[in-house]
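Student: Chains as they are written, first to last, in this note's numbering: chain U, 1 to 299; chain V, 300 to 634.
Since the hints were derived computationally from the structure, they do not count as laboratory data.
Note that CB positions come from ideal geometry on N, CA and C, so glycine has one too.
There may be inaccurate statements among the hints.
[Claimed, not checked] Partial list, derived from the structure: chain V residues whose beta carbon lies under 7 Å from chain U:
| # | residue |
| --- | --- |
| 1 | L321 |
| 2 | M441 |
| 3 | L576 |
| 4 | Q597 |
[Claimed, not checked] With beta-carbon atoms standing in for the labels, derived distance ranges:
| # | chain 1 | residue 1 | chain 2 | residue 2 | range |
| --- | --- | --- | --- | --- | --- |
| 5 | V | L458 | U | T129 | 55 to 65 Å |
| 6 | U | F102 | V | A344 | 36 to 46 Å |
| 7 | V | Q349 | U | V113 | 37 to 47 Å |
| 8 | U | L277 | V | Q530 | 36 to 46 Å |
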Amino acid sequence: MTAEIPIVIPARSRSARMENWGRAFYRFRQSWLSVIGLTIVVALVLIAIFAPYIVPFPEHVVGGTNTASRFQPPSSSAWFGTNELGQDVFSLVLVGSRISLFSGLAVVVIAVVFGTAVGAIAGYFGGWTDEVLMRITDLLLTIPSLILAMAVAAALGSGVFNMIVAISITWWPAYARLVRGEVIGKKEEQFVVAAHALGAGWARILGRHILPNIVSPIVVKASLDMGFAILTVASLGFVGIGVKPPTPEWGTLLSGARSYLPDYWWTAVAPGMAIFLAVLAFNLLGDGLRDVLDPKARR
Amino acid sequence: MFLFILRRLIFLIPILIGLTLLLFVVARLLPGDPVGLAAGPNASAAMIAQLRQQFGLDQPLPVQYWTYLTGLVQGDWGTSVFTRRPVFQDILEYLPATLELVFAALFIAVVLGIPLGLLTAVHRNGVLDYVTRTLALGGIAMPRFFLGLMLQLFFAAWLGWLPLAGRYPFIESPPETVTGFYTIDALIAGDLYAFQIAAAHLALPAIAMALSPLATIMRMMRASTIEVLQQDYVMTERALGLSNRLILFKYVLKNAMSSTLTVIGLYVSWLLGGTVLVETVFDWPGLGLYATQAILTQDFMPVIGVTLVIAIIYLLTMLVVDVLYGVFNPKVRYA
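Required output: the full structure, derived from the provided sequences and hints.
Tutor: Structure below.
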């Protein structure tokens with residue numbers, strides 16, 4: 001006698017997905033450096049959002065001056081001292097986080113969107129489309145990106161938007177290369193062939209079947225790039241291209257402080273450390289995300 | 300090998316033509332009027348028109364490009380609207396200073412980074428490993444210009460050990476030009492005093508540029524050494540009783556080098572582009588400072604020229620890297 005054994009197919013429940021996320025977060029937590037990175041990034045984002053409400057001297061941020069108390073060293077009233085116009089450096093650095101984080105994010109988003117589009121089309125269609133798109137990409141990759149970004153930003157004129165556009169122009173090729181390689185790898189997989197057999201168009205195959213499967217490496221690269229985008233924004237500010245005073249931006253603040261070194265060193269240390277901290281935090285976060293999302297690249 | 304190099308050099312030609320076209324189109328598409336800026340606010344319309352004609356800016360774009368391209372080959376890289384000097388001459392003057400800086404930085408990074416990477420890979424999770432890894436994390440995130448300012452603050456302004464900025468004091472005459480590298484020229488002339496001055500000026504900017512490549516090279520070297528150390532053949536060599544030193548320097552080092560080599564090659568371009576920032580901080584009279592000046596005055600020709608030079612150096616470096624692969628790994632010898 002054979003007993004009836006009921007066949008139970010485990011439902012792919014929501015809790016299974018939650019478990020996946022839980023496991024990923026667990027792995028992320030394993031490295032305390034990633035947790036530090038995440039903590040600083042969250043803190044920076046909160047500061048950037050609430051900066052206008054928490055700065056001690058809101059009038060200094062919009063260009064107000066107080067020449068009576070120029071170059072005050074750091075004290076309890078002005079934590080990072082005051083600059084050549086008597087403005088509170090702490091307030092300027094706090095509000096400066098808005099421009100830096102926003103421009104960094106905008107650069108990465110534009111580069112990801114444009115680069116992914118170019119790379120996906122080149123990888124999916126191959127042939128001449130691929131040749132032409134990739135040759136242009138390769139050419140752009142040989143040009144020193146900082147100089148190109150500076151030249152474009154200078155020609156477009158000052159302003160946050162122009163600076164973002166200029167940097168994005170030099171950033172998308174790296175994503176195009178990455179995505180192209182991934183798309184070529186996924187193109188021959190069974191599920192893509194199946195989708196094709198069912199009559200799906202190229203846009204649907206790319207958008208619904210291939211791209212969702214290659215999100216991980218893009219996210220990892222984007223998170224690692226955030227730090228360097230912030231650094232590039234600050235670099236442009238430092239050489240005097242990009243955001244113009246009185247809008248507080250870390251690189252511009254640092255470049256202004258240069259003329260007052262070594263006597264009034266605090267005017268330079270605060271914005272410089274802010275840049276360093278932001279870049280470091282995003283690098284740590286990116287490293288952590290890479291360990292979780294892209295275990296093959298683990299070292 | 301010779302044929303391989305020759306073939307790669309020939310492949311460079313279409314890349315360079317494409318590059319000049321791309322740069323030319325980008326430069327011309329951008330808004331901005333260098334002639335208007337150079338002529339000054341009081342220039343009359345007739346004067347500006349005359350200047351435009353003098354620089355050939357009134358011709359149609361394809362004609363301008365053709366003139367530029369044929370000029371390039373003949374060593375005529377256009378004229379800077381701002382300095383009113385031939386771009387090629389300017390570049391020849393500023394290039395050695397930049398190359399000296401870049402090579403000095405690369406030298407520091409390689410000479411410190413590779414041994415440190417090896418050492419920390421062998422003594423994994425030791426004290427040195429933790430210290431250098433923490434420093435490396437910071438080193439990558441540190442903005443070069445901020446590091447440069449801090450170095451100036453500590454070593455020049457407060458301690459007074461090294462000069463604040465510049466490449467050579469105005470009152471002294473630099474050593475006779477042979478290579479254009481002041482440090483090497485001084486050594487060739489046998490002038491130790493001049494070498495000291497040149498090296499002292501070079502130290503801070505070179506360190507400011509070296510930190511990030513140093514950190515990356517070290518991390519890369521550490522990772523690839525660890526990978527190689529786990530290979531079976533290393534275990535075989537151990538079983539054969541070869542000394543640790545022999546295994547490490549004869550068998551592991553070569554195999555761990557190839558991925559590090561790629562990083563070093565990529566950093567040449569990064570360093571050349573980055574001189575823009577460090578040269579601004581240290582008033583180093585090189586291509587970076589020249590390019591910054593040109594960019595701020597929207598002077599196209601020098602910008603295209605500098606970009607082209609950096610791209611050529613980058614492409615040549617990549618060629619050298621590819622040749623070196625073969626030196627370190629006989630499997631990659633070329634037909």
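Student: With reference to the structure, classify each hint as holding or not holding.
Tutor: Going down the list of hints, with the structure as the test:
no. : hint                        : verdict
1   : L321                        : holds, 5 Å
2   : M441                        : holds, 6 Å
3   : L576                        : holds, 6 Å
4   : Q597                        : holds, 6 Å
5   : L458/V - T129/U: 55 to 65 Å : holds, 59 Å
6   : F102/U - A344/V: 36 to 46 Å : holds, 41 Å
7   : Q349/V - V113/U: 37 to 47 Å : holds, 46 Å
8   : L277/U - Q530/V: 36 to 46 Å : holds, 39 Å
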